[in-house]
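Enquirer: Residue-level listing of the chains:
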Amino acid sequence: MLNYRFRNSPQRFCDGLTRRQMLRLGSTGLFAGLSLPQLLRADEQDKLPGKAKACIFLFLEGGPPHQDTFDPKPDAPAEIRGPFQTVPTSVPGTFFTEHCRETAKIAHKFTVIRSHSHNDNGHSTGYFYLMTGRRPNFPDGEHPIPTNELYPSLGSIVGRELGARGSVPRYINMPHPMSAGGPGFYGAEYAPFVIEADPSQPDFEVKDLGQVEGLSAERSSLRQKLLAGLERDRPRQGRAAAMSTYYTKAYDLITSPEARKAFAIQSEPREVREAYGMTQVGQCALLGRRMVEAGCRFVGIDAPGWDVHFNCFPSLQGDLIPPADRAFAALINDLEQRGLLDSTLVVMMGEMGRTPRVNAEAGRDHWSMAQSACFAGGGTKPGLIIGATDKQAAAPVADPIGVSDILRTIHTLLGIDSDKEYPDPLGRPLPIVNGGRVISELIA
Amino acid sequence: MLRNPLSTCVAVVALLMATSASAQLQVSPTTVTLDRPESSQQILVTLVTEQRRQDLTRSVEYVVESPAIVTIDREGLIHPLAEGTTRLLVKHAGGEAAIPVTVSGLVEPRAVSFLHEIQPVLTKGRCNSGGCHGKAEGQNGFKLSLLGFDAESDYAALVADARGRRLDFAEPETSLVLRKGAAQSPHGGGKKIEFGRPEYRRVLRWISEGAAYDVPTAQATVSIEVEPADVVMLAGQTQQLRVTAVDTQGHRHCVTTEADYISNAGHIIEATPRGLLTASDIPGESAILVRYMEHMAVCRVSLPRPGTNFVRPPEQNFVDAHVWNKLARLGIQPSDLADDATFLRRVYLDTIGTLPTAAEARAFLTDATPDKRSRLVDALLARPEYADYWAMRWTDLLRADKIKVTAQGTVGLNRWVHKQLVENRPYDDMVREILTVQGPVQSESPAAFFKALDAPEVASRAISQLFLGVRIECAQCHHHPSERWSQDDYAGLAGFFTGMAIKRLPDGTEAVLSRGGSDQKHPRTSLPVAARALGAAPADFTSVHDRREALAAWVTAPDNPFFASAIANRLWAHYLGRGLVEPIDDQRATNPATNEPLMQALAEHMRAVKFDLRAFTRTLLNSRVYQLASSTNDSNRDDRQHFSHARPKALPAEVLLDALCQTTGVPEKFNGWPLGVRSIQVWDNRMPSYFFRIFGRPVRATVCECERSNEPSISQALHLLNSPEINEKITHRLGTARKLAESAKPADEVIEDLFLGTLARFPTTEEKTLMREAFAGNNRRQAAEDVLWAVLNLKEFLYNQ
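Those sequence lines, one after another, are chains A and B. Under our numbering, the letters of the first sequence match residues 3 to 446, in that order. Under our numbering, the letters of the second sequence match residues 179 to 979, in that order.
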């Protein structure tokens with residue numbers, strides 16, 4: 003197999019200009035805001051060792067309306083502005099909408115990218131594009147799990163590059179599989195371990211990890227003895243050997259007190275659970291923190307329901323924004339208190355934003371041209387607003403940040419070389435991220 | 179005319195060596211001509227004894243009589259320094275060969291052609307590779323075509339784009355392309371050409387001369403040759419390759435330093451960019467793909483295992499003969515024949531996707547007749563599960579995805595395939611019908627397949643991969659980097675499907691039609707390309723209404739170069755766990771079968787049995803090679819590609835679930851299906867199932883067998899060890915464990931039955947002793963459940979050994 007390494011040149015800016023061209027143009031004043039040291043730093047940031055050791059990715063599936071959350075347009079006409087009020091945040095000059103109540107209190111602890119933009123306006127396709135960085139080769143629509151027939155997802159890549167540590171799997175999805183979160187050609191070894199249960203429910207338990215009904219500890223150990231006795235002295239090769247190691251891991255998960263403890267969200271103090279909110283997304287965020295503490299590298303939380311085409315504002319202010327707002331804020335505060343925020347990257351975003359104008363049915367439709375993405379911890383610079391949309395919240399006014407930029411930045415923060423290549427099933431060398439640049443403003 | 183380089187261009191020197199009186203030193207070429215400032219010539223030196231040949235290129239002593247004329251490095255590469263003649267002396271162990279050397283064309287060199295001489299530099303430097311400027315959007319505004327398939331646009335990119343700033347004609351050495359390429363200026367890709375080396379000097383000279391696209395004195399390369407083309411190496415040895423390009427005039431020049439080398443088995447033979455092969459200590463074979471511009475050559479390397487005293491096992495049929503031939507050459511001793519139990523379980527699972535029952539296992543194991551294996555093969559091929567199982571496998575490949583082709587379309591396709599298998603319809607007939615199908619998508623026909631292939635290119639890619647084992651998708655965007663297929667071939671093949679349409683019928687259903695059609699446009703030039711099959715002349719459509727008929731006739735013609743071997747390799751891979759060609763649907767000259775004579779014999783056999791898949795399968799199953807044990811010996815432990823032992827295979831998701839159901843005596847209840855329906859009979863590929871998902875059921879989005887994942891995972895292990903679902907089956911009141919526990923059978927017999935029903939074998943004495951511990955208490959029910967749980971979690975159960 004071809005295994006040459008090619009470095010992707012990092013000094014490319016989002017408009018395809020090279021650094022030299024930028025400097026040339028810079029002298030005419032177009033880029034006067036960017037100093038030479040900043041430009042040079044952009045070069046090196048790609049190679050930073052990365053502070054973050056794990057990532058919690060809160061995916062708001064369906065397309066959260068950026069103008070109703072982190073990118074309000076109070077001066078726009080009502081049909082664009084929507085009914086929500088704008089409120090100040092802990093950062094002077096930064097405003098969110100009124101339902102981002104908890105995040106507004108800690109706006110100095112995270113950064114919002116308001117200029118995220120791409121041109122895939124579908125749900126499953128946009129999700130796939132964001133998770134893999136590859137253009138989907140299937141039409142949007144009901145495309146059930148998994149969509150990753152070929153390309154590995156962000157979580158699979160992070161899990162592979164950073165490797166396992168601790169007592170829980172390296173890549174976890176909850177409370178169901180992320181439909182674009184599969185391992186692609188990396189194979190099942192890099193598939194997410196899926197916690198298919200809602201941690202906000204009182205009877206929450208991880209599938210196949212619970213005590214099997216009617217099986218005493220005594221019987222359980224007898225079974226283990228029988229199995230171990232039968233397996234003894236059997237050399238294993240290839241996949242059967244791999245299966246043996248998974249058996250060991252699975253058995254460890256079942257029997258490991260640490261793993262069992264990590265999954266036991268019920269043991270969290272009541273006030274901590276309530277700080278996250280007793281909602282699915284809130285408790286997933288809390289369980290995500292527990293997973294990271296136990297060694298997980300990438301927690302993908304899928305929070306669905308954001309595809310608000312009809313009568314959107316009651317559900318946004320009731321069921322959607324407050325739980326996510328609370329979960330995200332609580333997660334940041336909690337990680338910070340535990341000294342884990344520096345080593346844990348937290349991202350919250352969806353696959354698209356929503357149309358500037360409220361439609362005839364009081365909803366907003368798909369709009370991937372403008373989106374807001376929230377980043378906290380893991381070596382990011384807090385308290386910033388990066389980029390801006392125009393007065394209708396329709397498109398970034400300058401320097402749109404694309405999917406490749408987001409992915410390259412996440413990998414860089416985690417110390418992963420985005421230009422590392424793996425041969426795809428056709429033998430073509432496939433870099434982890436194709437193109438894109440590190441969002442240097444975001445790096446602390 | 180071309181000369182054969184090895185027969186006439188070797189200087190032979192007799193050596194006086196202590197160990198062997200007949201040792202010879204072979205040096206090639208016998209004369210060296212260097213006619214450009216940047217030329218080089220690789221010398222090859224081989225020590226030939228009675229037993230073997232050994233590459234000494236890097237260990238002999240080289241002396242140039244006039245050091246001012248040429249220089250030679252330790253790697254045996256000569257470079258010109260001044261015009262004139264001299265001699266190269268090659269000295270080793272008292273022997274000496276003298277090679278006349280002539281250098282010309284230095285004082286007034288002929289001009290450099292971008293097309294013929296700069297493109298190879300960009301390719302060798304990996305500038306135009308898929309990870310750099312060769313990717314679709316280029317890199318940093320500099321975009322080259324992938325591996326240089328589009329010279330005109332590459333020339334424009336270098337000479338004209340970016341306001342021509344990449345070349346500096348006033349001061350050629352400050353040209354950006356040179357400064358970046360040699361990493362004198364910051365270059366994201368790093369150093370790609372070495373300052374001052376011939377490649378660097380050639381680019382410099384090209385710019386100095388005015389950067390011509392082509393020059394009249396330059397000739398296109400028509401072919402390349404690699405030497406040696408077939409070599410036997412020993413562990414740890416090295417072998418230098420030489421690559422010679424032949425141009426339209428028949429002139430030959432050495433391009434060893436400019437070619438690319440790719441080993442298809444890097445763990446056996448490694449290849450460096452300089453063309454040096456290094457043998458590992460794993461015996462086996464490797465094909466080294468050599469690429470120079472768009473030309474390919476292959477060097478085959480064998481690495482036999484030393485010290486094996488090969489004992490040729492008996493032969494059941496031609497399959498064995500070919501495999502033993504190969505193993506004998508490689509010094510690999512095959513494993514012994516698998517025992518009856520292993521064979522029994524293997525042949526059931528492979529052929530009908532079903533485990534033998536305890537009763538079937540007992541009957542076979544206690545049968546003493548000598549021909550019981552071949553009788554079992556015949557019996558299995560006649561069982562209804564054969565059609566069930568293979569209908570499932572074929573509908574996977576024919577993309578019977580409920581979402582894509584509707585539920586009715588999936589059912590129609592599944593029923594049609596099932597019927598073909600029950601009737602054992604010849605495969606060529608079956609494919610002919612698939613390729614030319616028209617009619618309602620919902621009918622019992624293969625029409626749904628074309629509903630899934632919704633564009634001419636999609637159809638041509640899928641059909642090429644599925645039925646011909648040829649992957650042409652790379653050629654959509656660029657010349658295939660390791661094959662002869664170009665964008666013309668790609669568009670030409672798609673031209674057979676341009677008459678296709680999906681017609682909406684009044685009742686809302688759809689039908690596949692194919693009438694008329696026009697030639698497909700070239701993806702880059704937009705000019706129409708005459709429809710033609712791969713490697714064939716433009717198709718003649720004068721007597722057909724449906725263009726696909728012409729294709730179907732070509733595909734299924736007896737002399738089609740791909741069709742028979744593609745299906746033969748597919749079946750071989752299914753039963754033997756690995757294709758002779760791997761990936762199984764990637765046949766090409768540069769990806770040879772690991773046993774070419776066997777591949778040819780199998781294709782020939784497929785034609786001889788007139789594409790009767792059962793007859794062909796019978797041949798495979800009756801071979802001794804199929805029936806070998808999976809346990810290994812010292813000589814074949816590391817063999818992964820020559821079938822010297824059986825390879826354990828993961829059970830497909832559906833087969834595993836059926837096996838669990840049969841073993842526990844508790845069928846799975848599928849929502850909306852009658853109780854007792856087996857997984858391999860379920861046509862609904864989208865039926866939600868946690869089990870199918872974690873065990874890797876394919877979604878039928880491609881025609882690639884590789885879509886079916888057989889990789890293990892933690893979730894799988896957890897599910898088998900500790901899930902309520904499996905536990906329910908084990909403890910079910912109507913299940914096997916309960917029935918056995920409540921029977922009058924003594925504990926030993928219960929244990930025996932449980933082993934026979936899961937592993938298709940009797941327990942060993944030790945195993946029986948261990949299992950009796952479960953029966954030590956008074957609870958027979960729990961004991962039977964615990965033993966069943968333990969055997970179900972054995973790797974021996976989860977894998978087809």
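Do not rely on the hints blindly, as some may be mistaken.
What the hints assert, rightly or not - Far from chain B by the CB rule (all over 10 Å, computed), these chain A residues: (1) Pro76; (2) Pro79; (3) Ala80; (4) Gly212; (5) Arg236; (6) Lys251; (7) Glu260; (8) Glu338; (9) Ala362; (10) Gln394; (11) Asp421; (12) Glu423; (13) Pro431; (14) Glu443.
Said to hold, decoys possible - Looking from chain A toward chain B, a few residues come up when the C-beta cut is under 7 Å (computed): (15) Pro171; (16) Glu207; (17) Asp210; (18) Val214; (19) Arg225; (20) Met245; (21) Tyr248; (22) Met371; (23) Ala446.
To be verified - Mimicking DSS-like on lysine-lysine, the simulated pairs with C-alpha atoms at most 25 Å apart in a straight line are: (24) A:Lys422 x A:Lys55; (25) A:Lys209 x B:Lys550; (26) A:Lys393 x A:Lys53; (27) A:Lys55 x A:Lys383; (28) B:Lys321 x A:Lys422; (29) A:Lys263 x A:Lys55; (30) B:Lys302 x B:Lys313; (31) B:Lys369 x B:Lys321; (32) B:Lys946 x A:Lys227; (33) A:Lys383 x A:Lys53; (34) A:Lys111 x A:Lys422; (35) B:Lys597 x A:Lys422; (36) B:Lys973 x A:Lys227; (37) A:Lys422 x B:Lys302; (38) B:Lys321 x A:Lys209; (39) B:Lys917 x A:Lys227; (40) A:Lys422 x B:Lys269.
Treat the hints as calculated values from the structure; they're not laboratory data. Every residue gets a Cβ at the ideal spot worked out from N, C-alpha and C, and that includes glycine.
Enquirer: What hints, given by number in increasing order, does this structure fail?
Expert: 4, 5, 6, 11, 12, 13, 16, 22, 23, 25, 26, 34, 35, 38 and 40
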